[in-house]
Amino acid sequence: MGKKYKSPPIIESVCEFRLPPDTKWDLTIPGLIFEKVKEQFPHREPRVFQEVEFKQGPQGVEQLTHSRERILFLTNDRNIFIQVGHRLFAINCLKPYPTWNRYKPKIEIAFKALTDTIEVKNLQRIGLRYINRIEIPEVSVKLDDYFEFRPFLGSRLPKDMKNFIVGCVLPFISMGAECNLQLTAAVPEKHGSHAFILDLDYFPVQSQIIPSFEALNWVEKAHTHIEEIFEGCITARLRKIFQEVK
Amino acid sequence: MPETSISTASAKRSEYMIREIGQKYIVGEPSESHAYTVLNGLLPLLCEQKSKGVIGDFDLTKLAPYSLVDIDKSSDITTEIETLLNLLVSKRIIIPKPAEIRRYLMVYTDMIHIILPICGIINEKLNAPAQVSLEVYKDPEIKDEHLVIYMRQAVYDDKIMNIIDEINEECDGLLHNKSGWLIITTDFKPPQSDK
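Here the protein sequences come in this chain order: A and B.
Throughout the first sequence, residue numbering follows this note's numbering, covering 1 to 246 in sequence.
Throughout the second sequence, residue numbering follows this note's numbering, covering 1 to 195 in sequence.
Just chain A, same shape as in the assembly (with noise of 0.2 Å):
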């Protein structure tokens, strides 16, 4: 069992389920899906996202911007939603955070009513996302105090940054899987404090092909391993503003 804290900063967690080009979807799925989940979630709207393509066309890359539309069913308090997208099924859930305890119950929910929909034998993709904003109220912030996980700059370079963006992959072999973890800096809300963003994005190798029935298990350790990382990220200072509860 992770720490847990009374203020975390947890700004958005992301469970997402990538379907393969073979299943079988049409645009009476979402309704059906909703029908199964509507007492949980019970608002349903729609939203436009938009994108970016590049295509490979007989007269060279052509670039497409179009929006697409998404179903989205919350929760009354509507900070948890799943979205229903083009062969696409994510759970998400912002700020506060409710712990994994009341979240993952809700992954289980909405996967279900997915699996009851229509036959699901593997996944091309899963992704469990935990992105947290981190506000320090300090108008002076030496990283090292509170991050694990930081910019490295050598004694022949200045100290003062005013940017950064840091990254890495972690392989974990074990469960095929890796998580690119990133640390930048942020706007943060309340002048005079300095915000970063601390994303922790876990998900199968390219290789590793999930059953379905197999899921919500991968989901479950790839959850412990996303909190091994984040509090091996933070340092004890951290830890005091985010008010961890014993």
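What the hints contain is simulated information worked out from the structure, not anything from laboratory work.
Note that CB positions come from ideal geometry on N, CA and C, so glycine has one too.
There could be a bad hint or two in this list.
Chain B is nowhere near these chain A residues, computed Cβ spacing over 12 Å in every case [to be verified]:
hint, residue
1, Asn-132
2, Arg-150
3, Phe-152
4, Lys-190
5, Asp-201
6, Glu-214
Derived pair list, reagent style DSS-like, types lysine-lysine, alpha-carbon separation capped at 27 Å [as the list claims (entries may be wrong)]:
hint, chain 1, residue 1, chain 2, residue 2
7, A, Lys-162, B, Lys-91
8, B, Lys-91, A, Lys-142
9, B, Lys-91, B, Lys-159
Chain B is nowhere near these chain A residues, computed Cβ spacing over 10 Å in every case [what the hints assert, rightly or not]:
hint, residue
10, Leu-27
11, Leu-32
12, Trp-100
13, Asp-116
14, Thr-117
15, Arg-129
16, Phe-230
17, Ile-241
On the provided structure of chain A, position chain B as indicated by the hints.
The following block gives chain B in isolation, referenced to the frame of chain A:
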């Protein structure tokens, strides 16, 4: 294919993000159409570059090592917003209440990608120094809110309203069919402190 002509820092970051996204979403064999859908935080940058007319020169061969196919949009909402806010601040656009902008864009997600191009248009049209401030306007009488970009100058140019009209006209196309709304105007106040 021509080599990319983009040499700005944002283009470098785009390339970095393409590689990042590429590594994240390598899927199977390349499809016949070689369709790449490029996402996440990258989109605001691409829209900005498109508005400057440089996107056509983007070097897709850089993607080839990853056999990218059918990259779909990331399912999170917050990353694009955070990237946008970072870019706006780096362009000296002030955001007095970032929490309000974040909350608005979480609902009106298709507005995320037009803000940077609109700021680009404002920058092009303005021929005098001005402060650009992105805010959420809440109508106190009816339950309505929308984005507003205030242009503020220390000494107001006589032609400021004409310039604003021109900017609004040029931005109309970007706002077409969007779920939210954005107004570009001035309140004739002097530039505000962003502290």
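Going through the hints against the structure:
no., hint, result
1, Asn-132, "10 Å, violated"
2, Arg-150, "18 Å, holds"
3, Phe-152, "18 Å, holds"
4, Lys-190, "9 Å, violated"
5, Asp-201, "7 Å, violated"
6, Glu-214, "19 Å, holds"
7, A:Lys-162 / B:Lys-91, "13 Å, holds"
8, B:Lys-91 / A:Lys-142, "25 Å, holds"
9, B:Lys-91 / B:Lys-159, "24 Å, holds"
10, Leu-27, "18 Å, holds"
11, Leu-32, "20 Å, holds"
12, Trp-100, "17 Å, holds"
13, Asp-116, "21 Å, holds"
14, Thr-117, "19 Å, holds"
15, Arg-129, "6 Å, violated"
16, Phe-230, "16 Å, holds"
17, Ile-241, "18 Å, holds"
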